Structure formats: C-alpha cells, structure tokens
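With chain B's structure known, arrange chain P on it following the hints.
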Amino acid sequence: MMRTFSFRLQAADGLSPAHVEVEGRLVPDDSEGERATAAEQIVTIGEHGKVVYEQGGAELLRRGDWVMIKLHANERDDAGRLAPILGWGRVAGGDPEEVGHALLTGLQQFAERIGRTVNIEHVAALERAFSEEKKHRGRKRIGLAVVIGTAVAAAWGAHHTDTKSDHAQTTTNQADQVDQVEQ
Amino acid sequence: MPVFLVWGLWLVAGAVAGFGGYLVLASLKGKRFVVLGPSLAGKTTLIGFLKTGEVTLQYEATVRPAKLNGRKIKLQEHELKIDSFDDVPGTKDFHSAWEKKVSAADVVCYLFDGKRFVDGDTEYIDQVTAEMRHVSDWRRERAIDHPALRFFVIATHLDQVTEYRASDAARRRQYIVSLWKTRPLAKLALVAGGAKARCLGGSLADREGSEALMTQIISEVAAAE
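Those protein sequence lines, which keep their order, are chains B and P. Residue numbering for the first sequence follows this note's numbering, beginning at 3 and increasing consecutively. Residue numbering for the second sequence follows this note's numbering, beginning at 791 and increasing consecutively.
Looking at chain B on its own, in the form it has when it is part of the complex:
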C-alpha cells in the first residue's frame, strides 16, 4: 500500500525555518500554510496521542489512524543540543512492521536530503517497537478469537443443555399426563 509521510527537523540555529517534507518534497520556507498544517498534525498527535514506545529519546506515538516517530539526528544543533527528527502520517490499518519500515526508510531519506544522518540505534529500537506492536496485535487477535470461540461454545453448550432438559421436562410431563389418565 502506498503511503505518504511527513518529516520535520528544526533548523540548527533555532532561527531559520525548520526543514519540513510533505508528500516527498521539501516545503519552501515561505509556504506558511503547509508548515502550519504540518505543525497542527504534530500538535494533535503529540498532545493527544499515546506514547507506545519511548527509550533514550526515540519515541513511537499513535493517535487513531495516525502514527508518529521521533529519533535523534547524529548532528546536534548550534547550541549543542540533540536534534530530534519527527516522522508522521496517517496509516489506516496495515501491518505495523511494514508501516514502520516505510516510515523509517522515508525518515532516513529525508535526513540524507537535508545533510543529516540518524542515530542508528534509534532506528533499530523503533524497528523492534513496530515488531512488538505486530506481535501484540497478533496476540490480541488470538486472544479475541479464543474469547469469541469460548463464548460461542458456551452459548451452544447452554442451548444444547436447555434443549435436552426441555425435552426431558416434556417427557416427564407427558408421563405425568399418562399417569393421570390411567388413574
């Protein structure tokens, strides 16, 4: 499935416009509308999303159909601070491992395009986080299937038992009636 992700890295000097990529192209400095839209998406996911994974600066967040990752560039900003790169996008369903691979690949390509490299340990950690999500979803599906199966079996069993007891009750009633007639 073709997916488009967006990416963002704050400018090293903290003054210039951030590097932003949307739908595979770098957003010009004066495209305020596109930048504002990207920022709104970041705020929405960041403020209301759930942090699924967080370790040493690498993060994976989910909010509904939206996914966001954060990892560090190897290059620091002009003040010597670690400079995180964000990658995010809308992914309705889909295999978490495939989504993660596409997102991480896109982010690394974005980093390369703007002359940065990414912390490879963060990439590996996030790949594992997406794999864990996949396993977790698999376990949830199995668990759900077991719960549904158990419920169906229990319902069927109960129905079957009720039918048998109804039948037994009917037979008893008929025998009683016969007894009464004979009496």
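In short, the hints are calculated from the structure, not lab data. A portion of the hints provided could be inaccurate.
Calculated lysine to aspartate or glutamate pairs in the EDC-like style (CA-CA distance at most 16 angstroms, straight line) [unchecked claim]: (1) LYS890(P) <-> GLU42(B); (2) LYS890(P) <-> GLU49(B); (3) LYS137(B) <-> ASP97(B); (4) LYS137(B) <-> GLU77(B); (5) LYS890(P) <-> ASP935(P); (6) LYS905(P) <-> ASP949(P).
This structure is a prediction, so every number in the text was calculated from the model and none was measured.
Frame of chain B; chain P shown alone:
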C-alpha cells in the same frame, strides 16, 4: 506565611519567525501560566527546574508537544502543586498552538536571551521584537475577556553578563532596572504594552537564580489576587 498554590502547569514552546520553543505553566490556584519565548531562552530549563527542583542543562530541543506529570515544589515561602506540564514546540509554524494557549491563560511569561540584547545581536533583537508584536496582540485580545491577565517579560541568561554576575543581589536589581531603560529593551517593553507588561531579568543557570526568578513571579501573581 506560606502560600499553598495549586498550579496546572502548561508549557508551550513557540516563537515567531523561525524561533523554536515556548513553554507554559498553568494555573496558580487554578490559574494557567503560559511561558513563551524563542529557542534557548530557558523555557525547558525552567520547566525542568519546576519539575525536578534542580537545574539541568537542556540536552534536547523541544520538537513535539508533550504532557508531563506535575509535582509539589517549594519556592522559598511558597509551596506549589503543579498539576501537569504541556510542552509545545516553537517556530512560526506553531503559532496557532501558542495562540490557543495564550487565549486560555491567566498569566503569560515571555522569556528571551537578555545577553544577546546586551551584546547588540541585531538579528536576535529584531526577531524577538517581531515576536513580541504577536504575543502582545494575543495578550491584548485575551485581556478583553480577562482584564486581570498578568504579563511578564523576562530577560534571562544575565549570569553571562559580567556586570550582573559580579554584583550582589541589591545591585543586580538595580542593574535589571537600568537594563530595561537601554534602547532595544525599552523598545521591547513598549511593544509588549508598556505599563501592561512587567519587565524582569535574571538567570536560570542555577537553582538559586531559578528560584529567585520564579519566586518573584509567583509572589507578584499571588499578591495581585
């Protein structure tokens, strides 16, 4: 007499024209404190101090909004209970997020690097002054519905200014008053709203400086209640 204050601390990162980061504190006795300012003004350092009681060097730029759990802290005679912190990134593209925070604030604090003003860094001075026009507009709009809104403009990093660093507490206060009379800062104060803005200065480089600055703000807000 100790004052027990309940805060919901709200941190927003933001700035105009490509600046990064602003932070907000929220609610003193249910009031919301918004902390704004350009990148490297000390917003995250301030939040870190309020969160841990310690001053730590900021090691990572704020790039996405984050919600942090609050805690109880003691600032001289004030005991604060901070409900939570929201940290939102800066730069012009995040303006709508900061504007929303200001539109719900009771106290707005704007931090900037005072050392760069002292050094005459014209690019920085112009950017901060331009940013202040936006912040001042939001403050004015907010004040229509909320006349009691307090607005603090704070020059940080003064520990890097020799005259400030070499002075005792009394002389530092005098230095800050005289600093705000110098041309670029006097203009900034005017853009901020003149008498509507309370202009302060100090340092967040250590616990003592951070505590002094926050205590001054808290005391003034608490006294106005």
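Exercise for the section: With a cut-off of 16 angstroms on the C-alpha distance, tell me whether LYS890(P) and GLU42(B) pass. Expected result: holds, 12 angstroms
Handout entry: Pair hint LYS137(B) and ASP97(B), alpha-carbon separation not exceeding 16 angstroms
Key = With a Cα-Cα distance of about 10 angstroms, the restraint between LYS137(B) and ASP97(B) holds, given a limit of 16 angstroms.
Handout entry: Distance restraint between LYS905(P) and ASP949(P), which requires alpha-carbon spacing of 16 angstroms or less
Key = The given pair, whose Cα atoms are some 8 angstroms apart, holds under the 16 angstroms limit.
Handout entry: Holds or violated: LYS890(P) to ASP935(P), with C-alpha atoms at most 16 angstroms apart
Key = holds, 14 angstroms
Handout entry: Hinted pair LYS137(B) and GLU77(B), Cα distance within 16 angstroms
Key = With a Cα-Cα distance of about 33 angstroms, the restraint between LYS137(B) and GLU77(B) is violated, given a limit of 16 angstroms.
Practice task
Would you check the hint for LYS890(P) and GLU49(B), treating anything up to 16 angstroms between C-alpha atoms as holding?
Solution key: holds, 13 angstroms
Checked against the numbered hints given earlier, the structure breaks only hint 4 and satisfies all the rest.
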